[in-house]
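Asker: The lines below spell out each chain.
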Amino acid sequence: MMAVEVSRPIRFPQIRNRLRRPTVNIILLIAAPFITFCLLFGYPVARLFLLSVDAPHFTLRHYISFFGADGYLPVLIRTVTISGIVTLCCLLLGYPIAYLLSSVRARVRALLLCLVFLPYLTSFLVRSYAWIVLLDDRGVVNSILRWLGLINQPLELIYNSTSVYIGMVQILLPYMILPLFAVMSAIDRRTVLAGQSMGAGSLRSFLCIFLPSTLNGVKSGCLLVFLLALGFYVTPAMLGGLRDVTLSMLIQTQVNQLADWGPASAASMLLLGATILGMLLVSKKSSGAVMLVIGGANTQSIGERKMNNEVDWPASSIAEQKGRGVAGAWDSLPEPSRLKSFLRNPPLFNGKVTAATFTVGLAGVALLFLLLPTLVVVPLSFGSADYLQFPPTALSLRWYQNFFSNRSWLEAATLSLWIATATVIIATAVGTLASLALAKMVGSARSLLYGLFVAPLVVPAIVIGVALFQPFAQINIIGSPAAIIAGHTIGAIPYVVIIVSALLETVSDNYERAAQSMGAGPWRVFVKVTLPLIAPGVVGGAVFAFIHSFDELVITMFVAGINSQTLPLKMWEDIRNQIDPTIAAVSSLLMLIPIVCLVIFQLIHQTPQLSHKQ
Amino acid sequence: MKNMNRRSMLKTLGAASVASPFVFIRSAKAADDLVVQVGSGDFADAVVREYIEPFQKASGLNVKVAKDWMTPAKLKLAVENKVVETDVSYTGWLQAAQANKSGYVEPIDYSIFSKANLDAMPPEAKQPYGVGGYVYSTVIVYDASQFSDPTKRPKGVAEFWDVAKFPGRRSLKSGVYGSGVYEEALIADGVAIDKLYPLDIDRAFKSLDRIKPHIKKWWNEGAEGQQLLADKAVDFGILFSNRASNLQRAKAPIGIEWNNGKLLVDNWIIPKGAPHASNAQRFIEFTTHPDRQAAFATAMFMSPTNKKAFETIDPEFAKQLPTSPENMKVQFVRNDPWYVEAGPDGKTNLEYLIAFWNKWITT
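Here the protein sequences line up with chains R and D, keeping their order.
If you count the first sequence from 1, position 606 lands on 606 in my numbering, and the numbers rise without skipping.
In my numbering, each residue's number is its place in the second sequence (first place is 1) plus 1000.
No lab work stands behind these hints, which were simulated from the structure alone.
The beta carbon of each residue, even a glycine, is placed where N, CA and C say it ideally should be.
Incorrect hints may have been included.
To list a few chain D residues with every Cβ distance to chain R over 10 Å, as calculated [claimed, not checked]:
(1) Q1056
(2) D1119
(3) A1120
(4) D1149
(5) D1189
(6) P1315
Below 25 Å or equal to it, Euclidean Cα-Cα: the simulated SDA-like pairs (lysine to any residue) are [stated by the list, open to error]:
(7) K1126/D / R1292/D
(8) K1359/D / D1202/D
(9) K1347/D / P74/R
(10) K1064/D / E573/R
(11) K1347/D / S65/R
(12) K1359/D / N160/R
(13) K1251/D / F1317/D
(14) K1082/D / L1061/D
Short, incomplete list of chain R residues facing chain D, as computed with Cβ under 7 Å [what the hints assert, rightly or not]:
(15) D386
(16) Y387
(17) Q470
(18) I478
Kindly generate the complete structure, drawing on both the sequences and the hints.
Answerer: Shown next as structure tokens:
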């Protein structure tokens, strides 16, 4: 057998065997991300810990009062409940959409992806307001129901838990869709065909073959959505009733109004500890050495793994995909065109009209739900009144004019764009490296490290902002773009890690080993084999990193100083004073970005698939 | 193996080189003589127009405008880490008193103020740590188009609490940030205004229990309350007076009931360690000039603290301001320093209220 590249004299077989194991590779891979992470995040967390125990006195009083007098505990329970329900709803709605996305042709898929991401660069403030417009007593939904004669009294849809769930689900849905979609697009549909050729009906083949293969994505999506939901506070504050208070709102008050770091730090430490503990417990419960539940369990049966490994398309044609790897995957299959067009139609729909209708219908409803606020925001931006008004009584372009003529808006938008680009580059690089290293690790060490990289999603942003201020002030970068980029990168890395890890678990080791056995060095293996296979995940992670940075508000509030203003900062500060319809105009303009991407994609894909060499 | 090591190093270096231009850009330290924090939106525009630009002309100083809001957290971080960027800021009286307790503000130099102006200002506006800049209140606001019959409108807090006689959807200020509608709750329960402080917290919450089921939305930010009335989502609310005036100015059919209004004073403060503290003192003195206060009041529908400003304000317009003579008679001033008084265990009343509120909302 070909030896793995080893450049050291081997004295003892034990050492040679150890070097064959990937431990050294892991350490090298993990070094850069780990150090970056420790600097950016570990140091603030250490400071938080010291604040929570009242260093140098070292008391536990903040932890004790968390469970006692301060009223945090019922709110924590409520927060966890809300997050759980939101995660479940996102799963139920997101799965059909992801399935549809992964099953249609490239052009249609690009269009659908554009629709899914259309609302995502719009401010969550504006989207929350759009829900108020939709769900209010005299809002759109109630008016339609009354007009249809279905109800006499308006339904209580707003300022209670219902509207909070609806608002949060709408905002968090893409975070469920993308991991699911990334995993689904890597599944070989021929396994389902094979099952059907054995006589399984469409439901059975879905439940027994397709669904288990997507569990990686399900778990990653649920993890991401749950952790994000835990940290929400603007949406529950705007849409919720008295009881819909989340832990983040309490921490916000403690930090912003009382300037008391102790209780907030203790609460954050408890949240962090609980998350890591949960991850460790869940990973220990699963049996087997390579059972890594979070981030992707290898739950495929032996038969399915064998089938995956027998896929025979050469690695190089995968690397030749153009445009977004996601959409190009199908098109690079080197097969006769008739079979390819057949495979394009989801196997499950092979002649089964009811299954097709059901899935498409469900996905369609979910998509409509996703887009509903968008349909409100655009008319809002054309209103002529001084405040937000729906439906607008008179139309005007003044808010667009206000945006373009106002230097501060344009400067804020430009700054946000630059910072987001830098954040994406750094976060994607660091996150991908970390995921590669994590994929090679096993057991508790992996869970701990995974938990560390995911931790910024758990620790409330406001507390991170406070913890970052002092070190940044000491090296005198408060207000500089570097500080803002650093603050954003911390929060962006977890997205990349979660999504890329999910995809890495789906990708079998055998591809890498096969390439190595052909003589490829580690770098070549990475570029030619691993990277194309995880490309959907890397791109997805990059997209989320971008959105995170573009939307990031709280940490920026602390580290941006008085000189730098990002777009979310400007929108938030305007909202504090008046709800200026300019933000509706800005949101509508931002929706153009996915449309532009769609157009570019269509232009790239002008050439027909036949031009792919086999 | 070596390749991997080098490549990952190169990657990190590449990222670092992308970032490096930014690291070395410091925040611009121009030759400013004064930095004033003005908030945002219309409010900021009014401050710039009525205070900053005239001050620049009168004093010849170069003033930089910071469109940013001050919070207790930011103030604490800036002062403790010695990165104070702003010289003058305004904040609520409550937050100013709080900041003073922690030693985060410079004392005001009243020796440069004119005696005439000082005498025309009420004692609440002349604190050692801050100067009252403007006054507004929380008042009962109703949708006049729904309630054209005056007998159907609540004429005070007690009637606001009476849901049987005055049916309608309501909105109140949430207590999640500390201050809330506790004074109104006590007045509705029958406490005399001069016996309000120290607040009987238990009694206030019992009174809130009565109104709790009838509140459609507890608003957190002023703009939320304004939007609720604008959207006709509620029939009555207790909002900030300037929010209600904004709606009236935008021709929405909103009525204001000044009875039992609660007056709030916002203070100009100087953060401790401000780089241009002496210029800051001059600026704050400038803001108490009657003509400036009159101009600002007219623009923002908030009352001046210098009574002499009323001499130049149109009396008809003045009726809409919180501290006009008729409106003053039926309102009371919130005692902000009480909120930052600490009990024997070191917790301030504000912290007690927040803790009580967090418990109360889950019951």
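Asker: Now look at each hint and say whether the structure bears it out.
Answerer: Hints and how they fare:
| no. | hint | result |
| --- | --- | --- |
| 1 | Q1056 | 18 Å, holds |
| 2 | D1119 | 33 Å, holds |
| 3 | A1120 | 29 Å, holds |
| 4 | D1149 | 21 Å, holds |
| 5 | D1189 | 20 Å, holds |
| 6 | P1315 | 27 Å, holds |
| 7 | K1126/D / R1292/D | 18 Å, holds |
| 8 | K1359/D / D1202/D | 12 Å, holds |
| 9 | K1347/D / P74/R | 21 Å, holds |
| 10 | K1064/D / E573/R | 18 Å, holds |
| 11 | K1347/D / S65/R | 13 Å, holds |
| 12 | K1359/D / N160/R | 18 Å, holds |
| 13 | K1251/D / F1317/D | 16 Å, holds |
| 14 | K1082/D / L1061/D | 24 Å, holds |
| 15 | D386 | 5 Å, holds |
| 16 | Y387 | 5 Å, holds |
| 17 | Q470 | 5 Å, holds |
| 18 | I478 | 6 Å, holds |
Violated hints for the displayed structure: none, as all numbered hints are satisfied.
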